Amino acid sequence: MNQEPRVAVTGLGVLCAGGADEDAFFRLLCSGTTALRSEPARSPPGLGPIALVPQGGDESELGERASWLALQAALQALGPTGPPPLPPERLGVVVGTTSGGKALWLEALACGGPARGDWTYGAPARAVAQRVGAGVVEVVSVACASGNAALGTALDLIREGTCDAVLAGGVDVLTDFVLSGFAALRAHARGPCRPFDRDRDGLSLGEGAAFLLLEAAPLARARGRRVRAWLDGYGVACDATHMTGPDREGGGAARAMAAALAEAGASPEEVDFVSLHGTGTRYNDLMEARGLASALGPRAATVPVNSIKGAIGHTLGAAAALEAVMAVRALEAQLVPPTAGLQVQDPEIPLRVVHEVPLRTRLETVLSTASGFGGLNAAVLLRRGDR
Amino acid sequence: MSSPPLVPVLGAGAVAPAAGELPVHPSWLGRPPALSRMDRLCALSLCAADEALQAAGELPPAWHEVGRPRMGVVFGSAYGCHATDEAFERGRMEEGPSPRLFMYTLPSSPAGEIAIQYGLRGPAVCMVPGRTAAVSALAEAQRALLRGRAELMLCCAAEVGSPLLERLEGPGTVDGAAALLLGMPGTPARLGHLGPPCSVFHDGAPERAVEQAARQVLARAGQVPELVLGEAGALASVRGLGCSFQELGSSTSASVLAALGRLALGHHAAVLVVASDPRGHGAAVLWLR
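Read top to bottom, the protein sequences are chains B and P.
At position 51 of the first sequence the residue is numbered 50 (numbering that gives the first Met the number 0), and the sequence of numbers has no breaks.
At position 249 of the second sequence the residue is numbered 248 (numbering that gives the first Met the number 0), and the sequence of numbers has no breaks.
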């Protein structure tokens, strides 16, 4: 394994309610404000605020919203120079999603006719691959940890020598199907969600896409690309306790985080900031506090942590990819965005949650964790790149 | 790029009940409600996984560890939980959303259910690229083993057909699930070995993707197969390989894993299994005795 290349993050792309590019996105996060809004026209009635991406002028060209979102974010990540000059078999696209092109499937179900286009889980990945000329395509679905799992698969594809560069990310759109499902579980917050707050009462959903361009270090250097961060570790683990509720002790999250640390050769003391899943549900946030204590030991009480779901909502399959983009920007700016929505921290969550204003601090190593239905957990470890 | 070590197949299972029929109840469960509370995709997957575990006989140490932190599951499917999605959506429009059904409207649900039922606390992942999902799942399971994330991996694939799926995708998706139990390289193999799989995307030309995937797999292994197995479309792409060919009766992800699980019963020493998706995917994996 010694000859494996280190994996560089050389590009970022974002499209969510919090911003149509990485600058706007990070600015919103650092402002401590929220993109969550009431959407009375959406079902079910009485729904709390959600974070929708405005429809784009060219959206109808693709005919499928998740693919459009993914393509916008992926092209941003490539930047003006476009994809690396690689043959298709050396360039990959890995997308994490829970629904893919399901909006078209719902339309076909409702109208009784054929689908207007690709309705399957792989639709966004193929839309990106077709545009950039990628010959390796994988689609990963690990519930709300899909974004991190996509990064993990991409990391493996480069390290094992299958690809030299991979566009990896996540995407999901909000349909009434999803909104009413979470309503049936009584999971929606009444107002904008309040991660780690004493009075938190549920999650707020959002939609969006985020992509990271990952390159084998030799390729990035040869192309003269600035290394914005290093993706050094990935961990994935299952709670094996319950389909919708997390392990109360955060066992799966702890194992995923510990595995990411171990793979990166990092000690808990080296971690300077943790991006938590922080959905704002009672059990998730408690579970994460316990899981972090288990993974980091005493360091858990002092390391700065945050959640961005109070700012842009829980974007499901895109969530961890958006958090990875935030983590890279935090490493570059040496700035941890605050947790929007947090007012009074839950005394049962003894963590150093950044809130109200951004925290300026030395950041070399960031851990980002996500968890989802089925007790599925995935974490990634990023280190600071070129200065 | 040097070829990774071969991964041993320790056990295999497959279930294919007729549409509407319940899968065979796994003897170990003894708790019918455990299966009946699940959707069909999860129930089929669990039965196939159970059969693979039982077929493996004496299991490696990772099975016997407390909490099974070194054992995981990868699930693959082309169409995932679309049948459950349909039931949920029709119910939502008629009488309101069902929380019980909603929790199964994720394609990763079978990975979660299998992990819960067996207490697997290692990696749990789901791959859904299309009709090549079984090969993607095998690749992901092999990575978990070769990178030291797990010592024992269940790789499962399942599909559930429906009239809506037939309308959108055409006929051919039958209900079924299959599972392989994979171990660390060096573990005694009961059912042969798998080389590193390969998946290729070639926009609009799945036949070229299959051909490319097959050639990559064989070049890495330095082997010529005696037999190539796959559905008709995929086989047409690799006719030039100069060996015999056998068509799989069904082209689902489950049938690919089921075929791999049966190969040890035959007389071949090297068999290439190929899969394709009309949206541009091709995949191949080499089985060796």
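Hints in this document: simulated from the structure, not taken from any laboratory.
Among the hints, erroneous ones may be present.
Stated by the list, open to error - Label-pair ranges, simulated between beta-carbon atoms: (1) Ala40(B) x Glu165(P): 27 to 35 Å; (2) Gln342(B) x Met92(P): 34 to 42 Å; (3) Arg359(B) x Pro4(P): 20 to 28 Å; (4) Gly190(B) x Glu246(P): 42 to 50 Å; (5) Gly241(P) x Arg115(B): 47 to 55 Å; (6) Gly185(P) x Pro53(B): 50 to 58 Å; (7) Arg197(B) x Ser35(P): 34 to 42 Å; (8) Pro170(P) x Arg115(B): 16 to 24 Å; (9) Gly185(P) x Gly78(B): 41 to 49 Å; (10) Gly116(B) x Arg238(P): 40 to 48 Å.
If you're wondering where the values come from, they're calculated on a predicted model, not measured in any experiment.
Don't be surprised by glycine CBs; every beta carbon is placed ideally from N, CA and C.
Practice task
Kindly indicate which numbered hints from before are broken by the structure, ordering the numbers from low to high.
Solution key: As far as the earlier hints go, 3, 4, 5, 10 are violated by this structure, in ascending order.
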